Amino acid sequence: GAGVSQTPSNKVTEKGKYVELRCDPISGHTALYWYRQSLGQGPEFLIYFQGTGAADDSGLPNDRFFAVRPEGSVSTLKIQRTERGDSAVYLCASSLMNGELFFGEGSRLTVL
Amino acid sequence: ILNVEQSPQSLHVQEGDSTNFTCSFPSSNFYALHWYRWETAKSPEALFVMTLNGDEKKKGRISATLNTKEGYSYLYIKGSQPEDSATYLCASPSSGSARQLTFGSGTQLTVLP
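Protein sequence lines, in the order shown, are assigned to chains A and B. For the first sequence, my numbering assigns the number 63 to the initial residue and increments by one for each residue that follows. For the second sequence, my numbering assigns the number 16 to the initial residue and increments by one for each residue that follows.
The shape of chain A in the complex, shown without the other chains (with noise of 0.2 Å):
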């Protein structure tokens, strides 16, 4: 499709485990955000890549959380060592240079 795609869209993993999500932006959107919402708050930003480069990463919480866009387009979201605080919706969006953000689905994470 023309959308921004995440998968999965669902993820059950357990407690010290390693998850990837992946985002595929709207091709030729140069710029991509990762925002995770947690149960009852409004998403909140992690980190925004500007072409390859992580253009500002002061969002991700600590050095558990890691994510690379190596070639520009698709982006990939490391968590290590799983923790159950860290179950929430991570949400995905691309957009032109300061245009508007395009939403994926998100991926549900639950850590039990």
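Derived by calculation from the structure, the hints in this document are not laboratory data. Please note that a few of the clues may not be correct.
As the list claims (entries may be wrong) - Mimicking SDA-like on lysine to any residue, the simulated pairs with C-alpha atoms at most 20 Å apart in a straight line are: (1) B:72 x A:162; (2) B:57 x A:172; (3) B:57 x A:103; (4) B:57 x B:96; (5) A:79 x A:142; (6) B:57 x A:84; (7) B:57 x A:86; (8) B:74 x A:162; (9) B:57 x A:65; (10) B:57 x A:70; (11) B:57 x A:72; (12) B:57 x A:79; (13) A:73 x B:55; (14) B:93 x B:37; (15) B:57 x A:69.
As the list claims (entries may be wrong) - Label-pair ranges, simulated between beta-carbon atoms: (16) B:93 x A:79: 45 to 51 Å; (17) A:115 x B:44: 22 to 28 Å; (18) A:146 x B:68: 42 to 48 Å; (19) B:89 x A:65: 40 to 46 Å; (20) B:98 x A:103: 23 to 29 Å; (21) B:18 x A:118: 15 to 21 Å; (22) A:102 x B:127: 21 to 27 Å.
Computed from a predicted structure; not experimentally measured. Even for Gly, the Cβ is constructed at its ideal location relative to N, Cα and C.
Using the hints provided, position chain B relative to the given structure of chain A.
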């Protein structure tokens, strides 16, 4: 840290009723105010981006106003329909060049048939 607040947290209205809810934000160093609609199992969808004090935008039965001097925006839905049921989020960037938005916690609207 930018503080964006929304009220009410949730709202139930009957089909055909008109409704409105509020987003408040710091009036100092204002840059822009975004409204999104997020339906269950779908992507958040941009409704409006507003930048000027007194701005009013409309999209079908949904409209929004902006008061940057007092730090609030209202979202209005006229003649609510069940398909309007969603969470409505507002968000603001912390600076003119900031690429990250700070979101409110949303207003969850349920329109009862």
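The hints, checked one at a time:
Note on residue 72 of chain B and residue 162 of chain A: the hinted pairing holds, with a Cα-Cα distance of about 16 Å set against a maximum of 20 Å. Annotation: proposed proximity of residue 57 of chain B to residue 172 of chain A holds, straight-line Cα distance about 18 Å (limit 20 Å). This hinted pair checks out: residue 57 of chain B and residue 103 of chain A have alpha carbons roughly 17 Å apart, not beyond 20 Å. Annotation: proposed proximity of residue 57 of chain B to residue 96 of chain B holds, straight-line Cα distance about 18 Å (limit 20 Å).
In summary, the hint linking residue 79 of chain A to residue 142 of chain A is supported, as the alpha carbons are separated by about 7 Å, within the 20 Å threshold. Distance restraint check for residue 57 of chain B and residue 84 of chain A: the Cα-Cα separation of roughly 17 Å lies within the 20 Å cut-off, and the hinted pair is therefore satisfied. Proposed proximity of residue 57 of chain B and residue 86 of chain A is supported: the alpha carbons are some 16 Å apart, at most 20 Å. Simply put, residue 74 of chain B and residue 162 of chain A have alpha-carbon atoms about 16 Å apart, close enough for the 20 Å limit, and the pair holds.
About 12 Å separates the Cα atoms of residue 57 of chain B and residue 65 of chain A, which keeps this hinted pair within 20 Å; it holds. Only pairs whose Cα atoms come within 20 Å are accepted, and residue 57 of chain B paired with residue 70 of chain A is accepted, the gap being roughly 14 Å. Using a Cα cut-off of 20 Å, the hinted pair residue 57 of chain B and residue 72 of chain A holds, with the two alpha carbons roughly 13 Å apart. Taking the CA atoms of residue 57 of chain B and residue 79 of chain A, the gap is about 27 Å. The hint is violated against a cut of 20 Å.
A distance of roughly 17 Å separates the Cα atoms of residue 73 of chain A and residue 55 of chain B; the hinted pair therefore holds under the 20 Å criterion. Distance restraint check for residue 93 of chain B and residue 37 of chain B: the Cα-Cα separation of roughly 15 Å lies within the 20 Å cut-off, and the hinted pair is therefore satisfied. A distance of roughly 14 Å separates the Cα atoms of residue 57 of chain B and residue 69 of chain A; the hinted pair therefore holds under the 20 Å criterion. The hint said 45 to 51 Å for the Cβ distance between residue 93 of chain B and residue 79 of chain A, and at roughly 48 Å that hint holds.
The hinted window of 22 to 28 Å between residue 115 of chain A and residue 44 of chain B holds, with their beta carbons roughly 27 Å apart. Range check, residue 146 of chain A to residue 68 of chain B: Cβ separation about 44 Å, and the 42 to 48 Å hint holds. Between residue 89 of chain B and residue 65 of chain A, the C-beta spacing of about 29 Å breaks the proposed range 40 to 46 Å. Taking the beta carbon of each, residue 98 of chain B and residue 103 of chain A are about 25 Å apart, inside 23 to 29 Å as hinted.
Range check, residue 18 of chain B to residue 118 of chain A: Cβ separation about 20 Å, and the 15 to 21 Å hint holds. At about 22 Å, the beta-carbon gap between residue 102 of chain A and residue 127 of chain B stays in the expected band of 21 to 27 Å.
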